[in-house]
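So the sequences go chain by chain: Y and U.
For reference, each letter of the first sequence is one residue, going 1 to 90 in the working numbering.
For reference, each letter of the second sequence is one residue, going 1001 to 1440 in the working numbering.
Everything hinted at is true.
Not everything, but these chain U residues come out facing chain Y in the computed CB check (under 8 angstroms):
(1) Ile1002
(2) Leu1008
(3) Ala1012
(4) Ser1015
(5) Arg1022
(6) Pro1026
(7) Ser1068
(8) Leu1073
(9) Ala1076
(10) Ile1082
(11) His1086
(12) Leu1087
(13) Gln1090
These aren't lab readings, by the way, just hints derived from the structure by calculation.
Source: prediction; values computed, not measured.
All C-beta atoms in this analysis are idealised placements derived from N, C-alpha and C, irrespective of residue type, glycine included.
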Amino acid sequence: MGTPPFEEREVAVLVGALLLVGCTVYFFRDFKRVPRWQLLGLAISSLVLGNIATVVEHFVAFSVFNHVEHASYALQSLLLATWAYKLQRA
Amino acid sequence: MIVHFEILGFLAVTSAFYIVSRKRFPVPQQARLPLYLLLSLLAFDHAANILEHFWHAMWADSIADDLSLATPLLWALFLVEIARSHLSRQVAGQSEQLSFLIERVPASVAWLDSEQRLLAVSRTWEKTFPESNGRLLSAVLPISLPKLAQALGDCLGADVTESQGEEQVRTANQRNRYFRWSLRRVSDPERERPGALLILEETTDAIEAETARTAAVEELARAQRAADLGQLAAGAAHDLNNMLQVISSANEELLEIREAELASREIRQALDSASAMTRTLLRLGASSTQSLARLDLTALVTQVEGMLKIALGRKHTLVVKKPSTKVMISGDATRLEHAILNLVVNARDASPAGGPIHLVLAITNGVALLTVKDEGEGMPQDIQAQLFRPFFTTKGPRGTGLGLVSVRNTVSQHGGTISVESLPGAGSAFELRIPLSLES
Chain Y
1 MGTPPFEERE VAVLVGALLL VGCTVYFFRD FKRVPRWQLL GLAISSLVLG NIATVVEHFV
61 AFSVFNHVEH ASYALQSLLL ATWAYKLQRA
Chain U
1001 MIVHFEILGF LAVTSAFYIV SRKRFPVPQQ ARLPLYLLLS LLAFDHAANI LEHFWHAMWA
1061 DSIADDLSLA TPLLWALFLV EIARSHLSRQ VAGQSEQLSF LIERVPASVA WLDSEQRLLA
1121 VSRTWEKTFP ESNGRLLSAV LPISLPKLAQ ALGDCLGADV TESQGEEQVR TANQRNRYFR
1181 WSLRRVSDPE RERPGALLIL EETTDAIEAE TARTAAVEEL ARAQRAADLG QLAAGAAHDL
1241 NNMLQVISSA NEELLEIREA ELASREIRQA LDSASAMTRT LLRLGASSTQ SLARLDLTAL
1301 VTQVEGMLKI ALGRKHTLVV KKPSTKVMIS GDATRLEHAI LNLVVNARDA SPAGGPIHLV
1361 LAITNGVALL TVKDEGEGMP QDIQAQLFRP FFTTKGPRGT GLGLVSVRNT VSQHGGTISV
1421 ESLPGAGSAF ELRIPLSLES
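The following block holds chain U by itself, in its conformation from the complex (with noise of 0.2 angstroms):
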């Protein structure tokens, strides 16, 4: 039994001798000696206790009892030889770290003893204040930064352990220079009076980027702004035009003698819509703020209906369809006005010559439905895609582009929808959503 033990223990140390003597054994050469002789003796013991069992051999055993007086010594040598080299090893690594953190902190870093001495500095530090190790912090600075004077001194001799600020100072060529800065008091065992550690950064060029940015950010809104302005000015514009041509076509029927009361009143009407119109275009100019108020449309169909008829001239008839009761919502009567005739002028414009247009009031699942529609040429899909864009238009130098948008702005500011239904050679309708206020 107890040779097994021997044979056992000889196995093991020897496999031990075998790790520790390759390359890759991650223990450095000095701790190998001592580990070398303790495995040699353990080895030599066992293998005693062997020739002993086997072949009675007690010169080797009397050998080894004598070695192994020095087993707990080696045992001990390798035990410190080991940690020290491991200790070592930690320190250089943290003595790495650190190096490397110096080396690499992306900020300007610098230790200072109490007299405000730099006595040690990062790499940051040293590129922006080159040669600083040593001297007084004043005489490094480029610059006379009081504030962190006042606290640097507070931070040294006070009871303030801690402080952070921000500084801006005027150069002599009038500039503006930026700085922000940390501070921390620090003890070190070797030095009687208390240090402290600095983090001092320059920010003037961020500042800076920052102040360009939000002033083109201001200027890009200004710009926005003006073109809404712009874009309104040419809708209103396009509404307008639309009123002369109604102003136009009276007037033809004036030049005829023949219902000429009936024509100058459409004149006063159109006349009056137009400088309700320049009215509101004024009022955006200062305010997007819409007024609605209680609105029939049923009344506001029959209203422009007169208008509508002479806009479309002699060569197309109105066939208008509204409910006898009223279809009240909140609204704007102005801009459904010009909305509806939009719709009505775009409907004559796409209809062959004698092509009814037809306006439709219903009220449909809860909200008023406006329905303008002609028997035209109709339109493809990708022509509907684009519609509603701006500046789109498919009547060439005669178009603008705006009138539709017009009407979607005018729709969505009274909380409806907009639709287009159309299909090549049947014709297009332009449905128009509205809410129902609640009396209806």
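Isolated chain Y, as found in the complex (with noise of 0.2 angstroms):
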């Protein structure tokens, strides 16, 4: 399998996710009012760091960030259901 050509967009949506995490730092206070924040906090992190190995896999190590990229979002989607699940029993 080849490397897949680089996309502008895939950086935009990098500085998208980082812009998200500036934001959710700079208002911590108010986003630990959210009830299992540290789930939704960890969820955020997978994003960015699908985000990153989706940039990085063009330059170096194709396969192995590929696969980061990949686990990154399912864990992403995974640590979503849990925290929906954990609210739902509280």
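Please dock the two separately framed chains into a single complex, following the hints provided.
Okay, structure coming up:
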């Protein structure tokens, strides 16, 4: 499988995700009001990691970062589902 | 491997979708919308990758890649909405708690501004002082409270941050009213000058109730003291009656002009005892302090023997047993004399004609044991249980029910004990145990 071409929108998504992290850190006091905020924080981190891997895979170790990318997105979805489950049980 | 991640992600997102769509899910509707959109986007992204893997549907992956631009934005929207809704819920909850507190706090609480105008009041304050809001405190209070006015002035003007106090005022109808208050200076960002929080409580009812209770307790104590004195007087009268019986018996002897000199001596002794008893009674009226002195019980028994024989009369015999040595105690001779006489007269009344009465003095286990025993009918258990109860008597109208009470009091004041052993048909024995003094 060859390396797919680099797309600028992947960087745009990464920038958007980093802005999201920045806002979350800036409004951390408010973010902590959300129940089980730790799970959501981890889900956002997974999103950012996936976006970073999406960009990096074009330059080094495509196979490894491609796996990291898809694993991070799957983890993001899992954490979001866990958050919803925990919230419902609380 | 990658497709496994995608399948796992897809299943997780659909599960989350199911959970979020349930009514019980504790997230308000406005926060659910961005969450639905986010989950839909993630589900589509996973599905597109699966489609691409199995059916090479590149178009799906291309759409998903385009849509992924919205992912951070939807995350942000979701976080903002959910944080806002939880903040609103917390504020609403706190507001509700505050309202609940203000509604239910059982005290008159008021918030005053620097001009002593009432800004907000608790429900209790509203009930106590209706239509208070916005008015000056002095116009609201039903009575002038100068100490409170002074403290409030200090709290709002000087460096006093809090104060507490009580105030008693006399109303126009000559009634005393009592108030207790607590003040604390409070600052409000919206006002230049600080205000004050006032808790005001009228304690008139509580203080009047406490005063009435104290008066009732004192009255009860006075009544109890009067009853005690009455009981003492009745006991003394009972003892006096015993003395008079001795005098009466002696007088009968005199009438027969036999042993006149001896009888006269006994009359004198009984009269001396009666006089001492009345003195004791008078002393008791002033104080219950007892004067104990070194006393030889052997000598006391010898001394009262003659009087007891006269009290028993001709129908009964007195059998006395006592040690040849002194039995020293710390005691009151007159009171012990009366106690012995009481027991002997009781034994006489319980004995059939001709029955002997035994008076035995001994030392046992470090105490002086004085036993008065009869050979009468004895007493059942239920009678024994009530023997030392005031006004309990088996003698009918002749008895006062105070003789044994008096004996028990005397023994107690000597640090001793009294017990009774009795069986129906086998007579009764009263045993007085009095501690020996050190020289014994």
